[in-house]
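A.B. asks: Chain order of the listed sequences is Y and A.
The first sequence begins at 109 in my numbering and counts up by one.
The second sequence begins at 321 in my numbering and counts up by one.
Think of the hints as simulated: they come from the structure by calculation, not from any bench.
Model, not experiment: these values are computed from the prediction.
Please note: incorrect hints may appear among the correct ones.
Here are the simulated lysine-lysine pairs, BS3-like style, with alpha carbons at most 27 Å apart [what the hints assert, rightly or not]:
1. Y:K274 to A:K374
2. A:K383 to Y:K322
3. Y:K172 to Y:K125
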Amino acid sequence: MIIYNPHNETTLSERLKEAGELLAQIPAKYCFITGSFLYKEKYKDIDVFVITRSKTEITLKNKKVKITTIDFNDLYSLFYRSVSKSCIAKSILPAKQLKVTLTDYWRVINEAIPTLLNQKDKFHKNVRFLILYTEYFKNDEILDTFQLNEKINSFKDYNEVMEYIKRELSGIINKYAKPSYVKRFFYTQAGYYKGLTEYAAQRYLYTLTHNVVKGIAHG
Amino acid sequence: MVNPKEFKKKIEVSISQDYKVEFLGKNFDQIANLLTESKTEKIYRWIKNIIERKIEPISIGAKKPYKEWMINELLTFRYPFSIRNTEYRILFVKVKNSAYIKFHLGDHNYYDKVRKNLSLI
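For reference, chain Y alone in the conformation it holds in the complex:
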């Protein structure tokens, strides 16, 4: 059993043993447990991740276990890097060079905003990728599940999340993208949103794209 704990979070010792027992039941070389099960007395689910090519569904007797399968092609993703950063693994986990682009980040924003506005009361559940990507581009840091939960819990409601994105996005784009790319990409995106401004999410996305382009124009 391998413990990944780069920030020296206090893990619950009795859970380490339980985690080892659960991982031993999984018929895959690469699997790991992360999330509140390792750090909190009270937890809802046990988040188990299995890296496999197999399509066969894995189930464990423990009803709290929630298994997510990660394909080997997804090892370069920010998601994998985040969930595997602090975890208990059966063996040394495979590592691949991170591949993440601003276009990926925009796709995350594009999908997260409508989802957020459709489930305003459950915003904690729907902003994980949005916060993970924003913090990565803002601070060059990949948050682990513990840090990500802390960051998400720092928002009082969905409005604060929307304000945070509005505040951070232009700075991030200015930091990473060439003005020519920004103009081309965001002008095109703005065009798609413009015809859909009867919807609040599309209106918000249109404003975001507009602000980014305006930011570039004003240096």
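Once you have looked at the hints, place chain A on chain Y.
C.D. replies: Just chain A, lined up with the frame of chain Y:
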């Protein structure tokens, strides 16, 4: 438990359009059979809200084809729900300012396949 035929019929009646919406999903009927009355009512209410433009769609600015349309011509409405610990998704696809074209219902594996075709993350 809901009769899949009635379920589809009721959705067709709600959207009331000449274009025949396609109901898709590897285990569509089996999943529909698992729906309780209250879950079904929630889905009907969700569809009513889509028609009344109270649900936020996802639009993708990709110039890639999806069936006979381009992805940037489409709006996708996503509805997640679970039955006995298994997660399911509905993806209801509409052409902007036009007809509803596809109603996908499936488990996570099916959803993964469809979302890739629609260039969703």
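A.B. asks: Which of the stated hints cannot be reconciled with the structure, identified by number in ascending sequence?
C.D. replies: none
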